[in-house]
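Going down the list, the sequences are from chains L and G.
If you use UniProt numbering, the first sequence closes out at 501, no skipped numbers anywhere.
If you use UniProt numbering, the second sequence closes out at 501, no skipped numbers anywhere.
It cannot be assumed that every hint is accurate.
As the list claims (entries may be wrong) - Within a straight-line C-alpha distance of at most 30 Å, the following computed BS3-like cross-link-like pairs (lysine-lysine) qualify:
id: 1; chain 1: L; residue 1: K231; chain 2: G; residue 2: K77
id: 2; chain 1: G; residue 1: K239; chain 2: L; residue 2: K468
id: 3; chain 1: G; residue 1: K296; chain 2: G; residue 2: K283
id: 4; chain 1: L; residue 1: K77; chain 2: G; residue 2: K468
id: 5; chain 1: L; residue 1: K315; chain 2: L; residue 2: K259
id: 6; chain 1: L; residue 1: K307; chain 2: G; residue 2: K326
id: 7; chain 1: G; residue 1: K4; chain 2: L; residue 2: K235
id: 8; chain 1: L; residue 1: K41; chain 2: L; residue 2: K468
id: 9; chain 1: G; residue 1: K36; chain 2: G; residue 2: K4
id: 10; chain 1: L; residue 1: K77; chain 2: G; residue 2: K315
id: 11; chain 1: G; residue 1: K418; chain 2: L; residue 2: K4
id: 12; chain 1: L; residue 1: K307; chain 2: L; residue 2: K41
id: 13; chain 1: G; residue 1: K307; chain 2: G; residue 2: K326
id: 14; chain 1: L; residue 1: K4; chain 2: G; residue 2: K4
id: 15; chain 1: G; residue 1: K27; chain 2: G; residue 2: K296
id: 16; chain 1: L; residue 1: K4; chain 2: G; residue 2: K235
id: 17; chain 1: L; residue 1: K77; chain 2: G; residue 2: K235
id: 18; chain 1: G; residue 1: K326; chain 2: G; residue 2: K418
id: 19; chain 1: G; residue 1: K71; chain 2: G; residue 2: K468
id: 20; chain 1: G; residue 1: K283; chain 2: G; residue 2: K234
id: 21; chain 1: L; residue 1: K4; chain 2: G; residue 2: K237
id: 22; chain 1: G; residue 1: K307; chain 2: L; residue 2: K234
id: 23; chain 1: G; residue 1: K4; chain 2: L; residue 2: K231
id: 24; chain 1: G; residue 1: K211; chain 2: G; residue 2: K326
id: 25; chain 1: G; residue 1: K38; chain 2: G; residue 2: K315
id: 26; chain 1: G; residue 1: K4; chain 2: G; residue 2: K283
id: 27; chain 1: L; residue 1: K4; chain 2: G; residue 2: K283
id: 28; chain 1: G; residue 1: K234; chain 2: L; residue 2: K4
id: 29; chain 1: G; residue 1: K231; chain 2: G; residue 2: K362
id: 30; chain 1: L; residue 1: K239; chain 2: G; residue 2: K234
id: 31; chain 1: L; residue 1: K362; chain 2: G; residue 2: K235
id: 32; chain 1: L; residue 1: K38; chain 2: G; residue 2: K468
id: 33; chain 1: L; residue 1: K27; chain 2: L; residue 2: K38
id: 34; chain 1: L; residue 1: K38; chain 2: L; residue 2: K239
Keep in mind that the hints were calculated from the coordinates and are not lab data.
2 protein chains.
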Amino acid sequence: MEDKRPENVGILAMEVYFPSSYVDQNKLEDFDGVSKGKYTKGLGQEEMGFCHDNEDINSLCLTVVARLMEKNHVDYKDIGRLEVGTETIIDKSKSVKSVLMQLFDESGNFDVEGVDTSNACYGGTSALFNAVAWVESSAWDGRYALVVCGDIAVYASGNARCTGGAGSIAMLIGPSAPLVIEPGLRASYMRHAYDFYKPDLTSEYPVVDGKLSVQSYITALDNCYQNYCRKASKKIKTKSSTFNLSNIDYMLFHSPYCKLVQKSVARIVLNDYVHQEHQHYSKDDQTQLKDLCQFKDASLDNSIFNKPLETAFVKASECLFERKTKPSLLLARQVGNMYTPSLYSCLASLLISTSLNELTGKRIGLFSYGSGLAASMFSLRVTEHAGLPEVVNPAKVNDLPTFTLHSLVSGLLEIRVKLKQRTQLEPERFTAILECREKTHTLANYSPQSTNEHIFPGTYHLTHVDEKFRRTYERKPLPHPDMNGNSSQNGAENFTHTNGF
Amino acid sequence: MEDKRPENVGILAMEVYFPSSYVDQNKLEDFDGVSKGKYTKGLGQEEMGFCHDNEDINSLCLTVVARLMEKNHVDYKDIGRLEVGTETIIDKSKSVKSVLMQLFDESGNFDVEGVDTSNACYGGTSALFNAVAWVESSAWDGRYALVVCGDIAVYASGNARCTGGAGSIAMLIGPSAPLVIEPGLRASYMRHAYDFYKPDLTSEYPVVDGKLSVQSYITALDNCYQNYCRKASKKIKTKSSTFNLSNIDYMLFHSPYCKLVQKSVARIVLNDYVHQEHQHYSKDDQTQLKDLCQFKDASLDNSIFNKPLETAFVKASECLFERKTKPSLLLARQVGNMYTPSLYSCLASLLISTSLNELTGKRIGLFSYGSGLAASMFSLRVTEHAGLPEVVNPAKVNDLPTFTLHSLVSGLLEIRVKLKQRTQLEPERFTAILECREKTHTLANYSPQSTNEHIFPGTYHLTHVDEKFRRTYERKPLPHPDMNGNSSQNGAENFTHTNGF
Numbered sequence: 001m002e003d004k005r006p007e008n009v010g011i012l013a014m015e016v017y018f019p020s021s022y023v024d025q026n027k028l029e030d031f032d033g034v035s036k037g038k039y040t041k042g043l044g045q046e047e048m049g050f051c052h053d054n055e056d057i058n059s060l061c062l063t064v065v066a067r068l069m070e071k072n073h074v075d076y077k078d079i080g081r082l083e084v085g086t087e088t089i090i091d092k093s094k095s096v097k098s099v100l101m102q103l104f105d106e107s108g109n110f111d112v113e114g115v116d117t118s119n120a121c122y123g124g125t126s127a128l129f130n131a132v133a134w135v136e137s138s139a140w141d142g143r144y145a146l147v148v149c150g151d152i153a154v155y156a157s158g159n160a161r162c163t164g165g166a167g168s169i170a171m172l173i174g175p176s177a178p179l180v181i182e183p184g185l186r187a188s189y190m191r192h193a194y195d196f197y198k199p200d201l202t203s204e205y206p207v208v209d210g211k212l213s214v215q216s217y218i219t220a221l222d223n224c225y226q227n228y229c230r231k232a233s234k235k236i237k238t239k240s241s242t243f244n245l246s247n248i249d250y251m252l253f254h255s256p257y258c259k260l261v262q263k264s265v266a267r268i269v270l271n272d273y274v275h276q277e278h279q280h281y282s283k284d285d286q287t288q289l290k291d292l293c294q295f296k297d298a299s300l301d302n303s304i305f306n307k308p309l310e311t312a313f314v315k316a317s318e319c320l321f322e323r324k325t326k327p328s329l330l331l332a333r334q335v336g337n338m339y340t341p342s343l344y345s346c347l348a349s350l351l352i353s354t355s356l357n358e359l360t361g362k363r364i365g366l367f368s369y370g371s372g373l374a375a376s377m378f379s380l381r382v383t384e385h386a387g388l389p390e391v392v393n394p395a396k397v398n399d400l401p402t403f404t405l406h407s408l409v410s411g412l413l414e415i416r417v418k419l420k421q422r423t424q425l426e427p428e429r430f431t432a433i434l435e436c437r438e439k440t441h442t443l444a445n446y447s448p449q450s451t452n453e454h455i456f457p458g459t460y461h462l463t464h465v466d467e468k469f470r471r472t473y474e475r476k477p478l479p480h481p482d483m484n485g486n487s488s489q490n491g492a493e494n495f496t497h498t499n500g501f
Numbered sequence: 001m002e003d004k005r006p007e008n009v010g011i012l013a014m015e016v017y018f019p020s021s022y023v024d025q026n027k028l029e030d031f032d033g034v035s036k037g038k039y040t041k042g043l044g045q046e047e048m049g050f051c052h053d054n055e056d057i058n059s060l061c062l063t064v065v066a067r068l069m070e071k072n073h074v075d076y077k078d079i080g081r082l083e084v085g086t087e088t089i090i091d092k093s094k095s096v097k098s099v100l101m102q103l104f105d106e107s108g109n110f111d112v113e114g115v116d117t118s119n120a121c122y123g124g125t126s127a128l129f130n131a132v133a134w135v136e137s138s139a140w141d142g143r144y145a146l147v148v149c150g151d152i153a154v155y156a157s158g159n160a161r162c163t164g165g166a167g168s169i170a171m172l173i174g175p176s177a178p179l180v181i182e183p184g185l186r187a188s189y190m191r192h193a194y195d196f197y198k199p200d201l202t203s204e205y206p207v208v209d210g211k212l213s214v215q216s217y218i219t220a221l222d223n224c225y226q227n228y229c230r231k232a233s234k235k236i237k238t239k240s241s242t243f244n245l246s247n248i249d250y251m252l253f254h255s256p257y258c259k260l261v262q263k264s265v266a267r268i269v270l271n272d273y274v275h276q277e278h279q280h281y282s283k284d285d286q287t288q289l290k291d292l293c294q295f296k297d298a299s300l301d302n303s304i305f306n307k308p309l310e311t312a313f314v315k316a317s318e319c320l321f322e323r324k325t326k327p328s329l330l331l332a333r334q335v336g337n338m339y340t341p342s343l344y345s346c347l348a349s350l351l352i353s354t355s356l357n358e359l360t361g362k363r364i365g366l367f368s369y370g371s372g373l374a375a376s377m378f379s380l381r382v383t384e385h386a387g388l389p390e391v392v393n394p395a396k397v398n399d400l401p402t403f404t405l406h407s408l409v410s411g412l413l414e415i416r417v418k419l420k421q422r423t424q425l426e427p428e429r430f431t432a433i434l435e436c437r438e439k440t441h442t443l444a445n446y447s448p449q450s451t452n453e454h455i456f457p458g459t460y461h462l463t464h465v466d467e468k469f470r471r472t473y474e475r476k477p478l479p480h481p482d483m484n485g486n487s488s489q490n491g492a493e494n495f496t497h498t499n500g501f
């Protein structure tokens with residue numbers, strides 16, 4: 001037993017948190033005085049979530065962990081590893097993970113490995129890989145791992161501001177998972193680049209070289225995809241002898257803005273086209289690509305900024321995009337770029353936009369990108385037997401929590417409800433709030449100006465930063481549970497006390 | 001094969017870098033006008049290394065990785081994972097790991113997992129655990145992992161300044177290692193504490209609550225040690241039915257200053273004493289403890305600041321300290337606190353202070369502590385067969401590098417030479433250099449004022465920070481190798497070209 005790895009390690013449960021305030025991208029176009037459609041059609045964004053000055057990276061992660069544990073009835077004693085991926089650094093030394101350990105106080109369980117992991121939007125993926133490896137390693141002691149990603153993405157006023165967002169996602173990791181990380185199938189691309197980085201430690205805003213950023217993302221995508229396909233061709237039996245997009249049922253991407261994701265699907269089709277792999281696509285999908293013959297001698301080199309080629313491939317791959325990727329962009333479009341949680345928000349969006357029967361047995365490809373740069377492509381397999389509630393082993397129902405695809409997806413269904421429950425604020429108010437964050441986010445001896453009026457029940461919020469920069473938080477109470485102890489549709493949850501510290 | 005883990009995963013090779021400038025702690029006592037012996041006897045420190053303004057966390061890590069690869073003749077293509085543990089944050093988003101990827105450019109290998117991991121001085125241990133788990137996981141592809149820890153530890157002028165230091169350590173990780181991480185034997189203690197943290201992002205200096213810091217360290221030690229012994233009692237056959245200090249041949253600690261380490265040995269003896277485990281010590285060791293009968297009813301509660309008890313246990317455990325721990329404090333005493341590399345500097349110091357025959361087959365206990373807080377106790381086993389060069393498989397000698405205890409320790413022997421080659425600077429000069437760092441460490445459009453006159457050959461140094469905060473580095477050339485292509489005793493190395501970017 002000791003030298004054998006547990007099997008089917010992956011995601012057992014997920015929880016998503018996004019801010020309760022948002023701004024409309026249409027109104028932001030007017031407010032910013034840019035050409036109509038620049039943010040909405042040009043970038044593919046509809047709405048953008050943002051935080052007031054009473055939320056920070058700690059409060060975001062406290063909220064999502066507390067909700068995941070409550071909703072899935074997991075005991076804090078049963079967690080053996082917890083790590084956080086973030087680039088929202090408010091302390092150069094203390095980890096967000098150490099702040100989250102407050103949630104474990106009551107359980108008395110402090111034997112919980114893992115700290116913070118960081119490289120721009122890639123930190124969450126790094127944490128996920130580490131957690132999976134821990135479960136597969138000799139250090140595993142049978143307990144669950146928790147992976148948390150969270151970020152507040154804000155930009156200086158100007159062109160990039162509309163590509164902000166915020167949120168946090170927690171994932172419970174263990175064996176026999178409904179979403180299995182496919183073993184030995186992973187391709188990374190890591191290089192030195194100053195495309196997007198945060199060297200001004202006094203500011204929440206990054207320094208961005210927009211053109212280099214797109215170039216880095218696409219180059220990483222090309223490299224990861226080709227390397228992933230090479231590895232997958234050896235590992236996975238396919239109808240053709242090689243692996244290509246036809247072997248991936250859903251393809252998810254880190255999404256700084258939705259239009260880049262659509263271009264990424266086109267780019268993958270270009271990769272297949274250049275390598276003659278599109279010949280293995282289904283008849284229908286091949287038919288869509290018939291107008292590409294003018295590019296039969298296309299190469300990947302120097303094609304990143306070739307507009308006619310890009311346009312042609314985006315058009316030709318539209319059906320593939322609609323089927324394999326678009327359902328994953330719900331949160332990316334309505335909340336914006338969450339940074340580390342972005343890719344996992346795409347996973348959550350896909351899961352609540354697709355029926356369980358459709359999902360079961362499928363392969364989900366994921367491309368994670370963090371500027372600087374760090375990128376990986378990997379895949380999830382939706383396990384055959386975890387799709388339907390009736391296959392739950394009845395002997396275990398009253399024992400430990402059982403994690404099926406059904407339970408995983410059920411836990412995410414309130415996303416659509418909560419998106420509608422958010423408060424829309426005008427661009428003027430949004431701008432004022434960002435100005436307030438700008439002036440106050442590094443202050444000691446400070447109490448947030450915002451009340452907790454707008455935030456969702458169950459949300460942790462910052463109450464004070466003392467003269468030594470020590471931060472305290474409180475939690476907005478959840479409504480009382482209904483008679484059955486179940487969550488109600490309006491976001492009320494079965495958790496009754498305020499956990500304040 | 002696929003679901004079976006590789007065996008004896010651990011440290012194959014190590015490389016240590018520390019600054020070439022240091023200040024004498026005796027002179028610092030005079031300069032600071034404190035009572036004689038406060039830093040030297042009171043804290044147990046002799047000298048302190050420090051960096052000029054032309055070294056930063058990137059340059060420290062570039063140097064140690066380049067040297068490890070050269071000295072051990074490892075090809076950059078053979079690295080599949082690289083991660084960095086640090087709390088010296090100079091960018092909130094871009095990882096140090098991404099900077100290190102420049103070293104891989106020539107090899108064309110960019111499929112290298114891992115980013116940065118951070119929680120005060122614990123980041124390196126987190127990176128080590130992640131690397132070992134990766135090798136043991138299904139994601140492993142047969143290549144080596146590289147773990148890098150580095151930090152520049154500086155404090156505001158005053159009481160704490162003398163507890164600074166700087167350095168970096170790289171470790172090559174893989175199976176069949178001379179230093180095996182004992183599988184399934186690990187106890188962690190993670191909690192929320194504001195004992196030492198860095199909330200002022202504009203400053204290199206931490207905020208420190210000295211008393212809480214000692215209390216947190218000792219509480220973490222108590223918890224990790226007891227939990228480790230509980231786990232070890234189940235896993236390891238010992239003469240007595242339980243596990244205690246007599247089952248650990250060498251005991252290493254994170255060392256903010258050497259006196260705390262000596263007190264930690266005493267604290268472990270107190271733990272054993274309270275639980276009656278000292279009865280399993282050797283006759284000689286038991287005899288040393290005979291004066292402790294006045295504390296026969298001692299408990300761990302409220303004893304952290306009990307001075308008479310502490311003094312008695314420090315005295316009674318002196319022989320144990322001399323034998324099991326003191327040989328590990330060479331670098332901690334002469335370079336100071338390196339933060340993340342501190343614990344691994346203790347390992348390197350032990351290895352070059354003890355004969356290979358003595359080391360072989362022994363268990364080395366390690367206690368890693370990072371404020372905030374994150375702590376773990378784990379152990380290394382020096383493998384029976386890797387101790388002597390004659391057991392190297394001759395068939396492999398001309399093939400891949402072979403890593404034995406002999407080769408590992410040989411690579412570290414220049415530490416003593418380099419400690420002597422350093423330049424001693426007067427406290428006035430040291431203070432001026434820290435003031436210069438204070439004013440310049442966050443600047444854009446800046447070139448360091450220091451020349452590379454003092455730094456060791458083979459060291460990377462910062463040459464410029466441009467107007468967009470982008471940093472460039474150059475490497476001080478190594479002397480030409482001697483006729484045999486070997487490193488010479490004076491620090492000359494078999495690497496001839498200047499690698500500048």
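Consistency of the hints with the structure:
1. L/K231 with G/K77: Within the cut-off at roughly 17 Å; holds.
2. G/K239 with L/K468: violated, 50 Å
3. G/K296 with G/K283: The hint holds at about 18 Å.
4. L/K77 with G/K468: The given pair, whose Cα atoms are some 47 Å apart, is violated under the 30 Å limit.
5. L/K315 with L/K259: holds, 13 Å
6. L/K307 with G/K326: Roughly 66 Å between the alpha carbons, so the hint for L/K307 and G/K326 is violated.
7. G/K4 with L/K235: Holds: G/K4 and L/K235 sit about 17 Å apart, inside 30 Å.
8. L/K41 with L/K468: violated, 46 Å
9. G/K36 with G/K4: violated, 59 Å
10. L/K77 with G/K315: Violated, at about 39 Å.
11. G/K418 with L/K4: Violated. G/K418 to L/K4 sits at ~44 Å, over the 30 Å cutoff.
12. L/K307 with L/K41: holds, 17 Å
13. G/K307 with G/K326: Holds - the C-alpha atoms of G/K326 and G/K307 are around 22 Å apart, at most 30 Å.
14. L/K4 with G/K4: Since the Cα atoms of L/K4 and G/K4 sit roughly 5 Å apart, the hinted pair holds (cutoff 30 Å).
15. G/K27 with G/K296: It is violated: about 42 Å lies between the C-alpha atoms, which goes past 30 Å.
16. L/K4 with G/K235: Holds: L/K4 and G/K235 sit about 17 Å apart, inside 30 Å.
17. L/K77 with G/K235: Given that 30 Å is the threshold and the Cα spacing comes to 22 Å, the pair holds.
18. G/K326 with G/K418: holds, 20 Å
19. G/K71 with G/K468: violated, 35 Å
20. G/K283 with G/K234: OK: G/K283 and G/K234 at ~25 Å, within 30 Å.
21. L/K4 with G/K237: holds, 22 Å
22. G/K307 with L/K234: The hint is violated at about 65 Å.
23. G/K4 with L/K231: Roughly 20 Å separates the two Cα atoms, so the pair holds.
24. G/K211 with G/K326: Distance ~24 Å between G/K211 and G/K326 Cα, so the pair holds.
25. G/K38 with G/K315: At roughly 19 Å apart (the allowed maximum being 30 Å), G/K315 and G/K38 satisfy the hint.
26. G/K4 with G/K283: violated, 43 Å
27. L/K4 with G/K283: violated, 41 Å
28. G/K234 with L/K4: Judged against 30 Å, a Cα distance of about 19 Å means the pair holds.
29. G/K231 with G/K362: holds, 19 Å
30. L/K239 with G/K234: With Cα atoms ~50 Å apart, L/K239 and G/K234 exceed 30 Å; violated.
31. L/K362 with G/K235: violated, 41 Å
32. L/K38 with G/K468: It holds: about 27 Å lies between the C-alpha atoms, which stays within 30 Å.
33. L/K27 with L/K38: Distance of about 11 Å is within 30 Å: holds.
34. L/K38 with L/K239: violated, 43 Å
The structure fails hints 2, 4, 6, 8, 9, 10, 11, 15, 19, 22, 26, 27, 30, 31 and 34 (numbered hints given earlier, in ascending order).
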